[in-house]
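Engineer: Protein chains in written order, with this note's numbering: chain A, 1 to 132; chain B, 1001 to 1124.
Keep in mind that a hint or two might mislead.
Unchecked claim - Pairs of lysine-lysine, BS3-like flavour, derived with a Cα cap of 27 Å: (1) B/Lys-1112 / A/Lys-32; (2) B/Lys-1043 / B/Lys-1086; (3) A/Lys-5 / B/Lys-1097; (4) B/Lys-1043 / A/Lys-5; (5) A/Lys-5 / B/Lys-1086; (6) B/Lys-1112 / A/Lys-5; (7) A/Lys-5 / B/Lys-1071.
Quick caveat, the hints were computed from the structure, so don't treat them as lab data. These numbers come from a predicted model, not from an experiment.
The primary structure of each chain is shown beneath.
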Amino acid sequence: MAEQKLVLERPLGQVALHLSVLQAFAARAVEKVEGVRPLHAGGGLKTIFASPEEGLHITLADDRVDVELRIAVVLGYPVHEVAQGVQQAVREDLEGLAGVRVGRVDVFVRQVIPPQEALVLETESEEGEENG
Amino acid sequence: MAKEEGFVSELGPEEGKVSISRDVIATIAGLAAAEVPGIAPPKGESFPRGEGARKLVDTQLAEGRVRIGIKVAVIYGHPVQEVTQKLQERIKQEIEKMTALPVEAVDVEVTKVVFPEEEPGGVG
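Given these sequences and hints, build the entire structure.
Structural biologist: What follows is the structure, given as structure tokens:
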């Protein structure tokens, strides 16, 4: 399947954003929110978002994008606030940085993770970043 | 007119003509892109020159006007619409200045986001 693109008409010509570019912005926005963790052990957010169906799904409409996210929240963090924080961060970065109009941002909280497990995940992903 | 001949500008019946190859135009576009803050080549450390530039830069001529298509990466943190607009302006400006060919449009395709910590070379 050809790479999907969001095409915006500008005075000097088209500006097309690949779907993977929008996904990268959304994934990075989620990482900024405290209390959010990857859905499964052993992978960072990026790993999960590498396969769009799993954690992050962006649908391109004519002039805007709709976002669907599946996240896990660390126990102890207020789930609703974290989810709202994710919605806000994703919307802000896609609008402010990518410069696209954002329609819906749907967040599905699929799991809560005990803090000690989250800690393990965090160390693992930090090590992974240093090696990569 | 053979396509490989390049873009021709007629200076006048007695002065002859100037032909500029696609590679030259593609290279100019790549060099212009390299100077725009927030824009990076989608692969490698610099925009390719010469024949290699054709992979990233598509040049078309219609009714005496040039249409450019360029693939780029955007460095994370820079507002995409702002830097792509600067890129369009810069490429149009440079090509018109250096080749005297009018540029009709510069189509930009953002294929990648580069996160500063992943950027080859690091601090720049």
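Engineer: Indicate, hint by hint, whether the structure satisfies it.
Structural biologist: Structure-based check of all given hints:
{"no.": "1", "hint": "B/Lys-1112 / A/Lys-32", "verdict": "20 Å, holds"}
{"no.": "2", "hint": "B/Lys-1043 / B/Lys-1086", "verdict": "21 Å, holds"}
{"no.": "3", "hint": "A/Lys-5 / B/Lys-1097", "verdict": "31 Å, violated"}
{"no.": "4", "hint": "B/Lys-1043 / A/Lys-5", "verdict": "19 Å, holds"}
{"no.": "5", "hint": "A/Lys-5 / B/Lys-1086", "verdict": "21 Å, holds"}
{"no.": "6", "hint": "B/Lys-1112 / A/Lys-5", "verdict": "12 Å, holds"}
{"no.": "7", "hint": "A/Lys-5 / B/Lys-1071", "verdict": "12 Å, holds"}
This entry does not satisfy hint 3, going by the numbered hints stated previously; all others are met.
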